[in-house]
Amino acid sequence: MNNNDNKVMGPMEFAVVRNNYYQIDVNSVKAIGSNRPIDPEFSTPDEMPKSYLEVSVKVLPWIVRKNSIDF
Numbered sequence: 001m002n003n004n005d006n007k008v009m010g011p012m013e014f015a016v017v018r019n020n021y022y023q024i025d026v027n028s029v030k031a032i033g034s035n036r037p038i039d040p041e042f043s044t045p046d047e048m049p050k051s052y053l054e055v056s057v058k059v060l061p062w063i064v065r066k067n068s069i070d071f
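Numbering (the UniProt record's numbering), first residue to last: 1 to 71.
The hints are simulated quantities; they were obtained by calculation from the structure and are not laboratory data. Ideal Cβ positions, reconstructed from N, Cα and C, are used throughout, including at glycine. One thing to keep in mind: the hints can contain errors.
[What the hints assert, rightly or not] Derived DEER-like restraints, expressed as beta-carbon distance ranges:
| no. | residue 1 | residue 2 | range |
| --- | --- | --- | --- |
| 1 | Lys-66 | Val-8 | 41 to 51 Å |
| 2 | Ala-31 | Trp-62 | 32 to 42 Å |
| 3 | Pro-11 | Phe-71 | 41 to 51 Å |
| 4 | Ile-24 | Arg-65 | 22 to 32 Å |
| 5 | Ser-34 | Ser-68 | 49 to 59 Å |
| 6 | Val-55 | Ser-34 | 13 to 23 Å |
| 7 | Ile-63 | Arg-36 | 40 to 50 Å |
| 8 | Val-8 | Lys-58 | 22 to 32 Å |
| 9 | Gly-33 | Asp-70 | 50 to 60 Å |
| 10 | Ile-32 | Asn-6 | 20 to 30 Å |
Construct the entire structure; sequences and hints are all you get.
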């Protein structure tokens, strides 16, 4: 959950939960990134003020399908 504090990561704020199916659509690319990747520093915040991708995520509930099979 996002705690709306950019200095402190909230619980499960960036979590991807297993056994879930995520459909993600990239809506737009804001700018071209650097072609020279850098090693991240531990002092770098997880939430950066600039973003280059805009996405929307819709998480749907699982559908339980029951089957009965005799062998």
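Handout entry: Assessment of proposed distance window 40 to 50 Å (beta carbons of Ile-63, Arg-36)
Key = Since Ile-63 and Arg-36 have Cβ atoms about 45 Å apart, the given range 40 to 50 Å holds.
Handout entry: Range hint 22 to 32 Å (beta carbons of Ile-24 and Arg-65) holds or violated
Key = With a Cβ separation near 24 Å, Ile-24 and Arg-65 satisfy 22 to 32 Å, so the hint holds.
Practice task
For the range 22 to 32 Å, tell me whether the beta carbons of Val-8 and Lys-58 fit it or not.
Solution key: Once the Cβ atoms are compared, 27 Å apart, the range 22 to 32 Å for Lys-58 and Val-8 holds.
Exercise for the section: Please test the hint of 13 to 23 Å on the beta carbon pair from Val-55 and Ser-34. Expected result: Since Val-55 and Ser-34 have Cβ atoms about 20 Å apart, the given range 13 to 23 Å holds.
Handout entry: Supplied distance hint 41 to 51 Å, evaluated on CB atoms of Lys-66 and Val-8
Key = holds, 43 Å
Problem - Assessment of proposed distance window 50 to 60 Å (beta carbons of Gly-33, Asp-70) - result: holds, 56 Å
Practice task
With 49 to 59 Å as the target window, see if Ser-34 and Ser-68 comply at their CB atoms.
Solution key: holds, 56 Å
Practice task
With 20 to 30 Å as the target window, see if Ile-32 and Asn-6 comply at their CB atoms.
Solution key: holds, 24 Å
Problem - Beta-carbon spacing of Pro-11 to Phe-71 - inside the hinted bounds 41 to 51 Å or not - result: holds, 45 Å
Problem - Status of the given 32 to 42 Å range, CB of Trp-62 versus CB of Ala-31 - result: Taking Cβ atoms as reference, Ala-31 and Trp-62 lie about 36 Å apart, which means the hint holds.
Hint violations for this structure: none, all hints satisfied.
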